[in-house]
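Enquirer: Okay, here's what each chain looks like letter by letter:
2 protein chains.
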Amino acid sequence: MKIVILGAVAAGAKAAAKIRRMLPDSEVIIYTDDTHISYSSCGLPYYIEGNFDDYTLLLVRSPEDFEAKNIHVFLRHKCVKILPKCKQVLIEDLENNRAELVSYDKLIIATGARPVIPDIINNNLKNIFTLRKIEDGIAIKEKLLKSKKAVIVGGGYIGIELLEAFVRQNVHVTLFEHNTHIMKHFDEDMSTLIYDQLTSASKGRYDIFTSEKVNEFIADENNSVKNVKTSSGREVETDFVVIASGVVPNSEIAKDAGIEVGYKNAIKVNNRMETSEEDIYACGDCCEDHMMVSDTSTWIPLGSTANKEGRTAAINASGSEDIFKGVLGSAVTRCLSLTMSMTGLNVKDAAALGYEPVFVTVTKNDKVGFMPDVNNITLKLIADKKTGQLLGCQAVGIGDADKRVNVVTSALLAKLTARDFYNNDITYAPPYSPTIDPLLNAAQLLASKVD
Amino acid sequence: MKIVILGAVAAGAKAAAKIRRMLPDSEVIIYTDDTHISYSSCGLPYYIEGNFDDYTLLLVRSPEDFEAKNIHVFLRHKCVKILPKCKQVLIEDLENNRAELVSYDKLIIATGARPVIPDIINNNLKNIFTLRKIEDGIAIKEKLLKSKKAVIVGGGYIGIELLEAFVRQNVHVTLFEHNTHIMKHFDEDMSTLIYDQLTSASKGRYDIFTSEKVNEFIADENNSVKNVKTSSGREVETDFVVIASGVVPNSEIAKDAGIEVGYKNAIKVNNRMETSEEDIYACGDCCEDHMMVSDTSTWIPLGSTANKEGRTAAINASGSEDIFKGVLGSAVTRCLSLTMSMTGLNVKDAAALGYEPVFVTVTKNDKVGFMPDVNNITLKLIADKKTGQLLGCQAVGIGDADKRVNVVTSALLAKLTARDFYNNDITYAPPYSPTIDPLLNAAQLLASKVD
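Chains A and B, in that order, give the protein sequences. The first sequence begins at 226 in the working numbering and counts up one residue at a time. The second sequence begins at 226 in the working numbering and counts up one residue at a time.
One copy or two, either will do: identical chains are not told apart, so a pair holds if it fits within one copy or between any two.
Below, in silico cross-link-like pairs of lysine-lysine (DSSO-like), each with a Cα-Cα straight-line distance of 27 Å or less:
id	residue 1	residue 2
1	Lys243	Lys674
2	Lys550	Lys589
3	Lys358	Lys303
4	Lys674	Lys550
5	Lys243	Lys589
6	Lys294	Lys589
7	Lys640	Lys610
8	Lys589	Lys428
I should point out that these hints are in silico values taken from the structure, not numbers from a laboratory.
Start from the sequences, fold in the hints, and give me the full structure.
Expert: Right, here's the structure in full:
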């Protein structure tokens with residue numbers, strides 16, 4: 226049995242390791258156009274921020290670790306063609322300009338996603354970065370440590386995390402978001418709250434501009450970005466730019482081979498991570514996700530999901546049986562001392578899917594008020610008016626916000642109603658929560674809003 | 226409509242406020258033998274610890290607040306007899322030695338619980354305290370601030386919380402637990418871990434002795450405790466003693482009136498908080514709880530539960546309908562930097578109820594390993610082998626332990642199996658959790674252990 230894996234950041238690396246344990250005698254080969262494998266892409270902002278200096282801490286397993294387990298790793302080897310009928314892949318050695326036709330019994334596509342580069346004049350100047358790979362992180366950190374001013378294009382998760390990282394390294398940040406709101410996975414009321422809390426905590430360290438599109442990068446004499454010009458006519462000087470305008474799945478190679486793609490061009494898979502072509506699996510950021518709340522297709526590229534999908538793909542490719550039931554859209558991030566977390570559907574998406582969303586928003590202490598480290602959290606809890614089914618939760622605050630969201634994940638998984646959930650018995654002690662947790666408070670109010 | 230409420234710490238106070246909102250024209254009277262009403266008993270250790278100096282921060286509502294809402298409060302008025310057939314209660318004014326027969330339409334018993342005083346020689350000496358009421362907290366703090374050495378009898382929640390409080394106030398603590406383990410609501414493996422972690426962090430600030438019964442308090446010339454003598458022959462000098470050997474429900478007054486009592490002598494109630502006698506309700510620490518995991522009776526006196534029960538009792542006493550579905554046995558506490566949290570049944574109790582408990586224990590990072598504030602947590606996840614139903618979770622660690630337990634509460638509420646739960650999508654980002662959360666790790670291992 227020969228198993229070929231394309232890509233090995235999270236899903237591919239997990240799949241390779243799992244197959245080796247499932248089928249000790251199989252041949253397992255990884256091809257990747259990357260220079261590293263098996264690393265924490267999500268950790269890059271924290272490396273840049275200076276939480277640790279050694280980037281190799283981001284590497285989970287080295288090519289040598291894999292070789293020691295008889296898994297062959299070919300770095301800088303890109304798959305340029307999949308031939309499902311021939312059960313072969315065409316691999317191009319990017320360093321030596323050689324191509325090779327490789328046969329497989331099972332193919333696992335784990336090609337991930339890549340940053341979107343918006344159509345901005347001069348977007349190919351020097352010192353314009355994106356953040357995805359290890360070398361991106363190293364390059365940004367190197368530049369950051371010699372800089373005073375940075376511009377970030379995009380106010381999603383990566384943009385917000387880099388804002389923290391840059392500010393902690395004493396570099397002034399100007400962040401532009403062309404949408405009306407930053408963190409647009411949240412509902413607008415919550416995004417507004419995030420914006421308000423971040424701007425009021427700035428103390429001159431950063432500026433955030435929404436509804437402002439970057440139109441042009443202006444070059445200095447070395448072809449490096451010098452100024453950034455926006456749709457409002459604003460011009461901001463900068464030492465470098467990071468574009469964090471979202472990602473798209475690396476699914477072209479699959480689509481080209483006739484493999485079905487779906488939501489946002491991510492590769493279609495069933496719950497065994499099988500694609501539309503026999504013996505070809507996909508996992509990680511390149512493939513679609515099943516949203517368990519609504520039983521619909523979605524695409525939420527995340528490292529935690531990639532790991533689970535890689536495992537399921539490996540088990541099925543090995544001839545055993547495993548099901549990956551899907552995702553809940555759970556996410557969390559931090560910007561300075563603010564935590565932003567969500568799970569499930571937001572109001573807008575829920576309405577688009579045919580639900581009749583009702584919600585409750587509460588702002589409360591995260592602990593009993595007399596505790597010295599008490600802080601506010603704002604919680605939004607969403608349910609369907611007709612069935613009462615809980616649909617999602619969003620939380621923002623200096624206080625312990627992600628804890629509350631994670632209580633809701635299990636409730637979404639079980640498709641509990643607001644009324645069911647209101648009966649929850651969450652742990653209570655003054656250092657951990659108020660007597661009645663804000664979450665139960667919200668659930669109780671929400672229960673009275675559903676039919 | 227005249228509603229009489231006996232006791233008003235958490236459940237009784239909540240009930241009074243709720244009734245006033247439900248029935249604006251009713252007559253609501255509170256009788257309590259206490260000197261304060263509507264306070265956070267759970268906050269007393271944190272007041273003693275010095276997190277705040279003004280004990281009135283523990284008071285949620287004052288008698289004046291109640292009077293302003295036309296709720297009459299009689300402090301130091303003890304109910305000495307309930308006459309269900311006559312719908313009357315006999316109230317003794319403890320300050321003026323007068324008794325009065327009071328009629329009611331609805332009676333709500335919220336008499337709480339009281340500390341157990343073990344049968345130790347000289348247990349009536351001066352400077353031997355228990356902690357339950359506001360004046361207990363004030364007296365202990367006053368003594369603490371003039372002391373160098375304290376002895377705590379009992380290593381449950383209160384004992385452990387007071388150990389933290391005393392140590393933070395630079396008083397050396399010797400804690401004696403007559404059982405083989407402290408924190409005995411946890412399984413022995415987890416209690417052992419708690420003991421090991423606490424003793425290794427002591428640095429001479431405290432000693433914890435298990436399997437050691439206090440036999441005698443030895444008096445000085447002022448009839449104050451001077452030495453504590455234990456079953457091992459050990460004699461420890463001390464400035465004062467706190468007895469924290471558990472609590473019992475104040476249910477005698479109900480039992481005496483022919484009202485049924487059940488588990489551990491707590492007052493039997495249905496899910497409307499009705500007792501066996503018509504128009505008499507009970508709520509809070511004096512009454513039984515319904516354990517939702519196993520659908521059995523239990524008794525877990527906690528402030529958060531008392532609040533919910535008070536609300537339900539009030540709604541039903543007011544003639545509307547409300548159901549309190551029960552508890553999950555969720556609890557959390559802190560001792561210095563260690564968090565201990567649990568929900569559901571432990572292995573011993575599960576086995577006693579006829580389950581065939583299987584479990585998984587994992588010790589993992591609470592965040593991604595490269596984050597600067599990463600810490601260990603140990604998680605124990607328990608399921609029934611035959612049905613796969615999740616039964617409970619226990620977590621101990623410097624790291625973010627209670628967060629994981631609260632994810633399990635919703636799962637217990639929904640009676641999810643280990644396999645269902647393993648599909649959970651918990652939020653992930655390096656400052657908040659590892660890529661695969663320890664909880665999902667444990668769930669995955671547990672799923673392979675059930676039939």
